[in-house]
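Trainee: Line by line, the protein sequences are chains A and B.
Going left to right, the first sequence walks through residues 1 to 272 as this note's numbering numbers them.
Going left to right, the second sequence walks through residues 1 to 252 as this note's numbering numbers them.
Don't take every hint at face value.
[As the list claims (entries may be wrong)] No farther apart than 25 Å at their CA atoms in a straight line, the calculated lysine to any residue pairs in the SDA-like style are these:
| id | chain 1 | residue 1 | chain 2 | residue 2 |
| --- | --- | --- | --- | --- |
| 1 | A | Lys61 | B | Leu16 |
| 2 | A | Lys81 | B | Tyr32 |
| 3 | A | Lys61 | B | Ser113 |
| 4 | A | Lys87 | B | Arg30 |
| 5 | A | Lys61 | B | Asp129 |
| 6 | B | Lys133 | A | Gly163 |
| 7 | B | Lys133 | A | Glu120 |
| 8 | A | Lys61 | B | Arg6 |
| 9 | A | Lys81 | B | Val115 |
| 10 | B | Lys133 | A | Asp100 |
| 11 | A | Lys61 | B | Thr23 |
| 12 | A | Lys61 | B | Gly217 |
| 13 | A | Lys54 | B | Leu16 |
| 14 | A | Lys61 | B | Asn2 |
| 15 | A | Lys61 | B | Arg20 |
| 16 | A | Lys87 | B | Val116 |
| 17 | A | Lys142 | B | Arg6 |
| 18 | A | Lys61 | B | Gly7 |
| 19 | A | Lys81 | B | Val19 |
| 20 | A | Lys166 | B | Asp129 |
| 21 | A | Lys61 | B | Val115 |
| 22 | A | Lys87 | B | Gly28 |
| 23 | B | Lys133 | A | Phe118 |
| 24 | A | Lys78 | B | Arg30 |
| 25 | B | Lys133 | A | Ser45 |
| 26 | B | Lys133 | A | Gln84 |
| 27 | B | Lys133 | A | Glu80 |
| 28 | A | Lys81 | B | Met123 |
| 29 | A | Lys78 | B | Gln12 |
| 30 | A | Lys87 | B | Met123 |
| 31 | A | Lys87 | B | Asn2 |
Bear in mind the hints are in silico, worked out from the structure with no lab data behind them.
As the structure is a computational prediction, the values presented were derived from the model and not from experiment.
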Amino acid sequence: MTPPPPDSAIIKLVNVTKSYWDQVVLRGIDLNVAKAETKVVIGGSGSGKSTIVKLILGLEKPDSGQIFVDGEDITPLKEEKLMQMRKKIGMVFQEGALFDSLTVGENVAYKMREEEIFNEEEVEAVVRRLLGFVGLEPAIDKMPAELSGGMRRRVAIARALVGNPKIMLYDEPTAGLDPITTRTICELVIKLRDLEGVSSVFVTHDLKAAFTLASEFAVVRPGGEVEFLGEDGRLCLINTRFAMVRDGKILFEGTDEKLRNLEDEYIKEFLS
Amino acid sequence: MNFIYRGVYEVQQFFLLSVRAITNIFRGPRYYYDTLQQMDVIGIGSLKVVALIGFFTGAVLALQSAKSLKAFGAVGLTGQLVGLSLIKELGPVLTALMVAGRNGSGIASELGSMVVTEQISAMRALGTDPTRKLVTPRMFAATTMLPLLTVMADMFGLLGGLLVSAYRLRLSTSLYWSSAMKAIEYNNILEGMSKPFIFGFIIAMVGCYCGLRTHGGTQGVGRSTTQAVVLSYILVIIADFFVSKIILDLRY
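For reference, chain A alone in the conformation it holds in the complex (with noise of 0.2 Å):
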């Protein structure tokens, strides 16, 4: 048996498995998420990533090892108990996944209306909230097919901001996007991160967004603006880590700065 996570790690894989009929997508994967912390996971196309935060989040089950949320072991927890875990976790899934059904300020709403313990005026009041928070708030009443793939994105992370969680999941959010938009994303992320004290896993391939987010900081300035700083050689964040995963495994688990001096050839290819 292995003992349970210290008490550092929100979130804690060990030797995870996953394959689906005979395909191996995770052959061993150990992940530690410390509190407060952002684990940025990178990969090609087809390494398994994305899989790891469908696990998180119970979405499905892993094939062996196990899965600590929070100190709690989720994998032989039952759908409804997965319910429930799954209030503490906020997901951004690839391409937003909003409800096409519903208007933007209805998606947000979703989760409280479906809780069923809030009134109309405050479910509104945290809509607004959340949407201002994500700098959308006049688009409430739109559909999601009528926003941009940017906007969409933004809806998502405000749908999953909802209930405060203490950790977010983030699932490819800047694919696709250009460069400013996934500046904004960043910076939302950034603002958790460091302002919310908000955990999270940041799958992308993205690695401008990965540096960007492993590389800057926010503060608070005296009057209430939040002002986006970098690191300067001086400083270094250790608040966001990198885990890089190829063929199901982990190859490498630590800084950017550390990433950047490996001699690996696949992660030198990888990131030229």
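With chain A held as given, fit chain B onto it using these hints.
Mentor: For chain B alone, coordinates are given in the frame of chain A:
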């Protein structure tokens, strides 16, 4: 071997989904609004087209059977023949096939699109069980609406037969009607009304199952939709045989 294993697995998953869809009715949370919406889509939405096919089925039955009955000098029995064939077989089956083509495919493609755009995963991530919000309302709507649609088809079919008998065969409408009504017994109604319950269940569950197991992007959605229609047609026709057999056996 893998092929057999996979086949057994699919059947098992289909039954598990069906059992969950049924047990969800007895335990909340229930989604009344979604259920009503589906009843509207399946029931009201199919009403016109079901009435139309019912009408022409009855009409053509009268036309064809009158020709054969004439040989025995029994044109007066047209009403009986039209009524019985409609209520026992053609009403339930043709309505089911119509709804399978219209709504079964719709269900499969809607759920399939939701799978490939990860909306189903998002739903689960937000704390909703998709079998409760999506499958049970569709199953409930189809099983309740199909019998009502079948009644509509039967009625319009009898009307179609009546019009053909009156204007083409020059039969008196009262003769047509009384021969139809005399022939229809309690048993026939039982048969005609129990079939659509089963067919409705098959159509909704096959649609949901094919939709939810979609994989492989938009191409996969097309594949699931085709599979759903083909599979529900086959299952409806096979189920029709067995239900008829069971009810005929009950009689004797």
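Trainee: Does each hint fit the structure? Answer for all of them.
Mentor: We went through each hint and held it up to the structure:
The straight-line distance between the Cα atoms of Lys61(A) and Leu16(B) is roughly 17 Å, inside the 25 Å bound, and the hint therefore holds. Pair hint Lys81(A) plus Tyr32(B) holds up; C-alpha atoms about 24 Å apart against a cutoff of 25 Å. Distance hint between Lys61(A) and Ser113(B) is fulfilled; the C-alpha atoms sit about 23 Å from each other, no more than 25 Å. At roughly 20 Å between alpha-carbon atoms, Lys87(A) and Arg30(B) fall within 25 Å of each other, so this suggested pair holds.
Distance restraint check for Lys61(A) and Asp129(B): the Cα-Cα separation of roughly 16 Å lies within the 25 Å cut-off, and the hinted pair is therefore satisfied. A hinted pair counts as satisfied when its Cα atoms are at most 25 Å apart, and Lys133(B) with Gly163(A) qualifies at roughly 21 Å. Pair hint Lys133(B) plus Glu120(A) holds up; C-alpha atoms about 21 Å apart against a cutoff of 25 Å. Of the pairs offered as hints, the one joining Lys61(A) and Arg6(B) holds, with about 19 Å between alpha carbons and a cut-off of 25 Å not exceeded.
For the given pair, Lys81(A) sits about 23 Å from Val115(B) by alpha-carbon distance, which is consistent with the 25 Å threshold. Only pairs whose Cα atoms come within 25 Å are accepted, and Lys133(B) paired with Asp100(A) is accepted, the gap being roughly 15 Å. This hinted pair checks out: Lys61(A) and Thr23(B) have alpha carbons roughly 23 Å apart, not beyond 25 Å. In summary, the hint linking Lys61(A) to Gly217(B) is supported, as the alpha carbons are separated by about 22 Å, within the 25 Å threshold.
Our distance criterion of 25 Å between C-alpha atoms is met by Lys54(A) and Leu16(B), whose separation comes to about 22 Å. For the proposed pair Lys61(A) and Asn2(B), the alpha carbon gap of about 22 Å is at most 25 Å, so the pair holds. With a C-alpha separation of about 19 Å, the suggested pair Lys61(A) and Arg20(B) falls inside the 25 Å cut-off, and the hint holds. Among the hinted pairs, Lys87(A) with Val116(B) is consistent with the structure: their alpha-carbon atoms are about 23 Å apart, no more than 25 Å.
Proposed proximity of Lys142(A) and Arg6(B) is contradicted: the alpha carbons are some 43 Å apart, above 25 Å. Simply put, Lys61(A) and Gly7(B) have alpha-carbon atoms about 22 Å apart, close enough for the 25 Å limit, and the pair holds. For the proposed pair Lys81(A) and Val19(B), the alpha carbon gap of about 20 Å is at most 25 Å, so the pair holds. The straight-line distance between the Cα atoms of Lys166(A) and Asp129(B) is roughly 22 Å, inside the 25 Å bound, and the hint therefore holds.
Our distance criterion of 25 Å between C-alpha atoms is met by Lys61(A) and Val115(B), whose separation comes to about 18 Å. Under the criterion of a C-alpha separation no larger than 25 Å, the hint pairing Lys87(A) with Gly28(B) is consistent with the structure, at around 19 Å. About 20 Å separates the Cα atoms of Lys133(B) and Phe118(A), which keeps this hinted pair within 25 Å; it holds. Proposed proximity of Lys78(A) and Arg30(B) is supported: the alpha carbons are some 20 Å apart, at most 25 Å.
As the CA atoms of Lys133(B) and Ser45(A) are separated by approximately 32 Å, the hinted pair breaks the 25 Å bound. Only pairs whose Cα atoms come within 25 Å are accepted, and Lys133(B) paired with Gln84(A) is accepted, the gap being roughly 17 Å. A threshold of 25 Å between alpha carbons decides the hint, and for Lys133(B) with Glu80(A) the separation of about 15 Å falls inside it, so the pair holds. With a C-alpha separation of about 16 Å, the suggested pairing of Lys81(A) with Met123(B) holds against the 25 Å cut-off.
Using a Cα cut-off of 25 Å, the hinted pair Lys78(A) and Gln12(B) holds, with the two alpha carbons roughly 19 Å apart. Restraint check for Lys87(A) and Met123(B): satisfied, since their Cα atoms lie roughly 12 Å apart, inside the 25 Å limit. A distance of roughly 38 Å separates the Cα atoms of Lys87(A) and Asn2(B); the hinted pair therefore is violated under the 25 Å criterion.
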